[in-house]
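**Student:** Read top to bottom, the protein sequences are chains A and B.
Residues 1375 to 1660 (my numbering) make up the first sequence, in order.
Residues 10 to 370 (my numbering) make up the second sequence, in order.
Among the clues, some could well be false.
In silico contact screen, one side only, chain A against chain B (beta carbon under 10 angstroms); selected entries [said to hold, decoys possible]: (1) N1549; (2) D1551; (3) E1554; (4) T1555; (5) I1558; (6) A1561; (7) R1565; (8) A1566; (9) E1569; (10) G1602; (11) S1652.
Here are some chain B residues pointing at chain A (derived, C-beta under 10 angstroms) [what the hints assert, rightly or not]: (12) Y89; (13) R91; (14) R92; (15) N99; (16) T107; (17) P115; (18) Q119; (19) A122; (20) G163; (21) S344.
None of these hints come from the bench; they were simulated from the model.
All C-beta atoms, glycine included, are put in the ideal place defined by N, C-alpha and C.
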Amino acid sequence: MTRIPPLLLLAGPGVLFILVTLLLPLLAIFMFSFWRTESYELYPDWNLDNYRVLFTEAAYRTFLLRSLIGALVTSLLCLLYAWPVAYFIARHGGRYRLLLVLLLAAPFFTGVILRIAALQGIFGPGGLINMALGIFGLPPIAALMYTPLAATIGHVYLFVPFMVTAIYLSLVNFNFDLLETAKINGAGPWRAFIEVTWPLNWIGTAIGLALVFIPCLASAVTPRFLGGPSATSFGMSLGQQFGETGTWALGSAMGVVLFAFSLLVLAVMGFTVNLKRSGFTGMGAR
Amino acid sequence: MTRADDRPASLSLQSVSKHFGPVRAVDGIDLAIGQDEFFSLLGPSGSGKTTMLRIIAGLERPTTGRVLVRGQDVTTMPPYRRRIGMVFQNFLLFPHKTVAENIVFPLRMQNVARAERDERLLWAMKLLRLDGLAERYPNELSGGQQQRVSLARGLISRPALLLLDEPLANLDRELRAEMEVEIRRYQKELNIPFVYVTHNQEEALTMSDRIAVMRNGVFEQIGPRNDVYRKPATAFVAAFVGQSNQLTARAEMVGPDSLTLTWRGHRLHLPHPGGIKAGDDVRFFIKYEDIEVTPERTAPGNHVGGHLRDIIFKGQTANYIVSLADGSEIIASASSRDQKVTIGEAVSVTWPASAGMCFKT
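Throw the hints in and build the complete structure from the sequences for me.
**Tutor:** Pasting the structure below:
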């Protein structure tokens, strides 16, 4: 009997799991994107029509652009919001640090639909803000009701905990004594941040950006509930191809495009990381 | 008072205190450090020496008192405006910057022109013998190299003052001895005052012009290194600096400089700093190297008889452990080369009446 190497035994189940649940569906989607759907049936006659439709029909281009801009804006807003919060917790959280980070994740204890419904209850026509305005005889804020702005606020709310967690995990491993060193050597608070804190926490920040950008790009539920008709996203349209319209092949092509953009973002992120300059010791040395 | 730019730097602290809640980490310190001085703060951990250094650097605000650098009050000035260099025990080099980038960092922060920056970088790299390492990252350097980069960073902007916080504690013994000599050389060559914090008396004695021995936030003694070593002002200093035999007895006759006591049947004469009356209980300290162990009594002065229990070989010197009749021990240190005595034999222990120091308990 041949012996199975222990490493294979250890890694085998995981590899198999990834193969079955991740790679195979991806390959299937890739394959379907070159097929054709007719009356809710997939036909394997190979063609590029789906991609042609995606790149020529204005509606899909608009959806994609809207989703890209939405994801970018959401990522930047999350970044601006998360840095001070994560910094404060890491620096001043003391023994409550872990608790504070867990509290940020508290909304996850409920489901995503529930959280969005709660936001609707705040922004919607009969929601908290507009009702309160009504009591004082003021007109409701139209910008918050079923607009891309409302969808963006929803995205920030949904994804900001990922960003805070990523930056926090980076900051707890950051040696704040280096900041004092920078100050003694003549760097004011902002200069010290730019010279030392930011570059040494860039990897964590980049991970946070990816964790927000990628799901936000594919987001379908949030814009549907909060965004209204002018916020139809690429992800929403994609969902429809697999649901109402039953055009699986086109939907698959959209999935491939989404996947390609996500890869592109990851590649750009990866390009900005110079391991030697990241402050990671023992990596990339010599 | 004129204040030209090339006026020699100096530091003064005026009744500086730092309280952390009920703890007085630094308690009313007055200090003036001269233009070309190598000054050491020596003390056990928790004595307040690092807190004092952080106050000078601007990393801590004193609870009361003033800090002046070159005559300018910097008490409320943030660290980045003080132009003080600092070197740390754990180096604290920026891990994402090369050696050259680390060293020129202070100059970049002061917006020094590139040409001058490059010139000064070459100067600093040469001074600290870092040639060829400019493009390395800190994690590619040895501990000694990292500490020299850290020194170069501290010195490149020719600061008003260089603070050193146990900079050699993480280096191995041989390297430490070498760096002690080098650091003193930089200080003398550059004529920048150094304030050196350490718990290691050897380091302080090797490098300093003056030493302050610190305990519980106050100076036990401040003075030239010889005085601190030879004429300790308090029992704490006597015990902390150098290696001494610590003995107790009761003072019998007290003169202006010297007193007489009987210790285990031996009549001894010892110097004292004053404040002792006949009949007081006293502790006295005799440094190992002040004591001579010989087969027969040769020198005048204090004499105790015993037999040699053991010789602890230390290399250049050896410690001679003498057991007295009542079982107590006295240790002497001397050159290890010509040992005139052998283990187990009766020996004579002598030391001059001017050696050692006696304090009231």
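**Student:** Now tell me if each hint is right for this structure.
**Tutor:** Okay, the hints, checked on the actual structure:
1. N1549: It holds, given that the least Cβ distance between N1549 (chain A) and chain B is near 8 angstroms, below 10 angstroms.
2. D1551: OK, holds: D1551 (chain A) within 10 angstroms of chain B, min 6 angstroms.
3. E1554: 6 angstroms, holds
4. T1555: 5 angstroms, holds
5. I1558: 5 angstroms, holds
6. A1561: Since chain B brings a Cβ to about 5 angstroms from A1561 (chain A), closer than 10 angstroms, the hint holds.
7. R1565: 6 angstroms, holds
8. A1566: Holds, because the Cβ-Cβ distance from A1566 (chain A) to chain B comes to roughly 8 angstroms (cut-off 10 angstroms).
9. E1569: 8 angstroms, holds
10. G1602: Since chain B brings no Cβ nearer than about 45 angstroms to G1602 (chain A), farther than 10 angstroms, the hint is violated.
11. S1652: 6 angstroms, holds
12. Y89: It holds, given that the least Cβ distance between Y89 (chain B) and chain A is near 5 angstroms, below 10 angstroms.
13. R91: Holds. Min distance 8 angstroms.
14. R92: For R92 (chain B), the interface hint holds, since the closest Cβ of chain A sits about 7 angstroms away, which is under 10 angstroms.
15. N99: 8 angstroms, holds
16. T107: With Cβ-Cβ at 9 angstroms, under 10 angstroms, it holds.
17. P115: Nearest chain A Cβ about 4 angstroms off; hint holds.
18. Q119: 5 angstroms, holds
19. A122: A122 (chain B) check fails; min Cβ-Cβ to chain A is 15 angstroms, beyond 10 angstroms.
20. G163: 8 angstroms, holds
21. S344: This hint is violated: S344 (chain B) lies away from chain A, its Cβ roughly 45 angstroms from the closest one there, beyond 10 angstroms.
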